[in-house]
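K.L.:
Here's the letter readout for the chains.
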Amino acid sequence: MSSTSSSSSWRPAVAAEVILSSKGSALRSETRGMVEEKEKQSSGLRRRWLVDVAQWRPSPEQFQASATLLPPHDRPAIARFVREDDRKRALVSRLLQYSLIHHALGIPLHQIRINRTLEGKPYLQNKNASFPSFNFNTSHQGDYVGIASEPLCLVGLDIVCISNPQRETALEFISSFTSYLTDHEWNCIVSAGTPDEMLNEFCRYWCLKEAFVKAIGAGVGFGLQRLEFHHVNWTNISLCIDGEEARKWRFWLFKLDDMHLASIAKGHCEDAIDSFKRTFPDVVVQEEELHTAVEIPEEAFTFWSVEQLLQLHD
Amino acid sequence: MAAIAGSATASFARPVKAVNVSPVSFAGLRKDNVSFRLQPVPQRFTVVCAAKKETVDRVCDIVKKQLVLPEGTEVSGASKFTDLGADSLDTVEIVMGLEEAFKITVEESSAQSIATVEDAAELIDNLVSAK
Numbered sequence: 040m041s042s043t044s045s046s047s048s049w050r051p052a053v054a055a056e057v058i059l060s061s062k063g064s065a066l067r068s069e070t071r072g073m074v075e076e077k078e079k080q081s082s083g084l085r086r087r088w089l090v091d092v093a094q095w096r097p098s099p100e101q102f103q104a105s106a107t108l109l110p111p112h113d114r115p116a117i118a119r120f121v122r123e124d125d126r127k128r129a130l131v132s133r134l135l136q137y138s139l140i141h142h143a144l145g146i147p148l149h150q151i152r153i154n155r156t157l158e159g160k161p162y163l164q165n166k167n168a169s170f171p172s173f174n175f176n177t178s179h180q181g182d183y184v185g186i187a188s189e190p191l192c193l194v195g196l197d198i199v200c201i202s203n204p205q206r207e208t209a210l211e212f213i214s215s216f217t218s219y220l221t222d223h224e225w226n227c228i229v230s231a232g233t234p235d236e237m238l239n240e241f242c243r244y245w246c247l248k249e250a251f252v253k254a255i256g257a258g259v260g261f262g263l264q265r266l267e268f269h270h271v272n273w274t275n276i277s278l279c280i281d282g283e284e285a286r287k288w289r290f291w292l293f294k295l296d297d298m299h300l301a302s303i304a305k306g307h308c309e310d311a312i313d314s315f316k317r318t319f320p321d322v323v324v325q326e327e328e329l330h331t332a333v334e335i336p337e338e339a340f341t342f343w344s345v346e347q348l349l350q351l352h353d
Numbered sequence: 265m266a267a268i269a270g271s272a273t274a275s276f277a278r279p280v281k282a283v284n285v286s287p288v289s290f291a292g293l294r295k296d297n298v299s300f301r302l303q304p305v306p307q308r309f310t311v312v313c314a315a316k317k318e319t320v321d322r323v324c325d326i327v328k329k330q331l332v333l334p335e336g337t338e339v340s341g342a343s344k345f346t347d348l349g350a351d352s353l354d355t356v357e358i359v360m361g362l363e364e365a366f367k368i369t370v371e372e373s374s375a376q377s378i379a380t381v382e383d384a385a386e387l388i389d390n391l392v393s394a395k
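The listed protein sequences derive, respectively, from chains A and B. Residues 40 to 353 (the working numbering) make up the first sequence, in order. Residues 265 to 395 (the working numbering) make up the second sequence, in order.
Keep in mind that the hints were calculated from the coordinates and are not lab data. Please read these numbers as outputs of a predicted model, since none were measured by experiment. Be aware that a few hints might be false.
Claimed, not checked - Partial chain B-side listing against chain A, Cβ under 7 Å, derived:
1. 347
2. 348
3. 349
4. 356
5. 357
6. 370
7. 374
Backbone N, C-alpha and C define an ideal beta-carbon position, used for all residues, glycine too.
Please work from the sequences and hints to get the whole structure.
P.N.:
Structure, rendered in structure tokens:
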């Protein structure tokens, strides 16, 4: 299976030495071999996949054929969408979920059970003894559908398509969302420069907020204005929740292309909301392991074509 | 929403809404079309009259404009916002559009239980008649 990596415009300035120092203490109780084996396993469960759906233009028959690869209950869920683009994205999103789980965990496709919490957060129902806190998150907007998975810490992914507002100025558009931004964020946005730059800035904050609430299994109702992001030129991104620094969370922003951004949020399982936390059966993850997992620097996404995904399902 | 008049100076005073509206979201409206409800949709034991047709039609118009739906897309009372392709940004703008058009304020708790155009129209009728 060939896949090409995309290159992201920014690299976060995450200190590599943080990871190395955490490793030292983890070696106390396990042999080096066991640790390496487990790390190899867990790295296989850490995925960042992207599909450019604009490149996929199926005929109605091809679309139907692709839909039949999914479990029956997923098909009406896809057919509900009024717009063809939404149906495409919904289909590819589900394909990605099944493909990733199959690829990462080796579960036969027809045995994979993906359920949703009351808030709608998808999770893997199949129990995994080695990595009970395995979780994943999908997102799509514009041309891209993406998925991210993690074996130990929570992960959230959000993709934003930056498009110029149709019937209003950029500032008018952004002003609709003031109640979701903190004063600090608002000030950063309006001092970003041209309307395009302001729009871009706004989209970055929005993208990060969404990644966080999705990682913990909540929705917009979480209260996005409780979240305040700080950064150094969009690296070293950190979060304050209700004014307090969220030390167990890390964030990254990627530029997929001129029109699309993606964000990754990684953090501690203890911050999952109850309905999502209940899906992790008695998870016991060492603090060190979790810290290490969160700190691992983000790498580039792997691009798949829809055709490649479909082949995987054959 | 405070009007942003074109200003010669560079100072962007942060627009303050006349009435404080908490973040609202429609049940089931998420960018990735996951049905993200904030809490279980409450059973409605009270008998609620169906929304007025004019209200439903106006909501349909606002939604069609906001989502830039192609001509001929069927939007009716039964249409779910998620199915029409509304993402989280669209949600916020639709609610604002409804608030402006009908001169109402939508509380977060009410907005949470809206999933369809009919739901929104019923809520609007209730808020308008309560004014």
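K.L.:
Indicate, hint by hint, whether the structure satisfies it.
P.N.:
Going down the list of hints, with the structure as the test:
Hint status for residue 347 of chain B relative to chain A: holds, with the closest Cβ pair at about 5 Å, below 7 Å. For residue 348 of chain B, the interface hint holds, the least distance from its beta-carbon to any beta-carbon of chain A being 5 Å, beneath 7 Å. For residue 349 of chain B, the shortest C-beta to C-beta distance to chain A is roughly 4 Å, which falls under 7 Å, so the interface hint holds. Taking 7 Å as the C-beta cut-off, the interface hint given for residue 356 of chain B holds, the closest approach to chain A being about 6 Å.
Against a cut-off of 7 Å between C-beta atoms, the interface hint on residue 357 of chain B holds, since the closest Cβ of chain A lies about 6 Å away. Taking 7 Å as the C-beta contact cut-off toward chain A, the hint placing residue 370 of chain B at the interface is violated, the least distance being around 12 Å. Violation of the interface hint for residue 374 of chain B is found here, the shortest Cβ-Cβ separation to chain A being roughly 12 Å, above the 7 Å cut-off.
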